[in-house]
Amino acid sequence: MMGKPEGLKLIDENGYRLDGRKKYELRKIKMEVGVLKSADGSAYVEWGKNKIMAAVYGPREIHPKHLQKPDRAILRVRYNMAPFSVEERKKPGPDRRSVEISKVIRGALEPAVILELFPRTSIDIFIEVLQADAGTRVAGITAASLALADAGIPMKDLVAACAAGKIDGEIALDLNKEEDNYGEADVPVAIMPIKNDITLLQMDGYLTKEEFLEAVKLAIKGAKAVYQKQREALREKYLKIVEEVGE
Numbered sequence: 411m412m413g414k415p416e417g418l419k420l421i422d423e424n425g426y427r428l429d430g431r432k433k434y435e436l437r438k439i440k441m442e443v444g445v446l447k448s449a450d451g452s453a454y455v456e457w458g459k460n461k462i463m464a465a466v467y468g469p470r471e472i473h474p475k476h477l478q479k480p481d482r483a484i485l486r487v488r489y490n491m492a493p494f495s496v497e498e499r500k501k502p503g504p505d506r507r508s509v510e511i512s513k514v515i516r517g518a519l520e521p522a523v524i525l526e527l528f529p530r531t532s533i534d535i536f537i538e539v540l541q542a543d544a545g546t547r548v549a550g551i552t553a554a555s556l557a558l559a560d561a562g563i564p565m566k567d568l569v570a571a572c573a574a575g576k577i578d579g580e581i582a583l584d585l586n587k588e589e590d591n592y593g594e595a596d597v598p599v600a601i602m603p604i605k606n607d608i609t610l611l612q613m614d615g616y617l618t619k620e621e622f623l624e625a626v627k628l629a630i631k632g633a634k635a636v637y638q639k640q641r642e643a644l645r646e647k648y649l650k651i652v653e654e655v656g657e
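In my numbering, the protein residues as written are 411 to 657.
Among the hints, a few may not be true.
Pairs of lysine-lysine residues, derived as DSSO-like cross-links and limited to a Cα-Cα distance of at most 30 Å, are as follows [said to hold, decoys possible]:
#1 K634 / K433
#2 K650 / K634
#3 K650 / K627
#4 K433 / K419
#5 K440 / K639
#6 K619 / K447
None of these hints come from the bench; they were simulated from the model.
Please work from the sequences and hints to get the whole structure.
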């Protein structure tokens, strides 16, 4: 969070934000599954100005072998921001933030994946941020979950994610870059909607207890809308396969 420039209004007197959305509206989201032929599963997500690719490989043998778990697979996640994904060119390779977000995403996905079915193997997830505009971790979780499903990895449920935050003293859904930079708080949430289980809950900034609960409730509502888009993307892919087989 940065100090807001004097006179900048993130929500105007009519309740509209800088990008024309109301407080409780998501940015435009586009999802596509099976975009990489070389991966076992893949997905591409455009979320606002975010552009994110996820690829899944596995289950496959782990190297070195001492990392193997005799009773389950290991989920490995690598989140990376391309050098050209932000306005000020990012230094290539992993940094502390990328390592932290990789661990956060792994923790959000692990409860959904039935790892016990694949002992002594790894399931590797690569998330590449091609263009960043705030909310890359929730978009990355959403893309990775789709890629896991596309790879045919057994899961208890898809994991859908969304964030809410506080801007100009009001709780709002799905902050964009300006709102994330100049807002007062950000609350990313990931859920498995069938059981309503929360697999990720973080907060950056300052909120009262009442504001925090409102933000979590709003983020969950947003994640459920994202979940429906995930299902539609998967359905669209397999309808195409059925049509091709029929032809």
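Results for each hint:
no.	hint	verdict
1	K634 / K433	holds, 17 Å
2	K650 / K634	holds, 25 Å
3	K650 / K627	violated, 35 Å
4	K433 / K419	holds, 13 Å
5	K440 / K639	holds, 8 Å
6	K619 / K447	violated, 47 Å
The earlier numbered hints that this structure contradicts are 3, 6.
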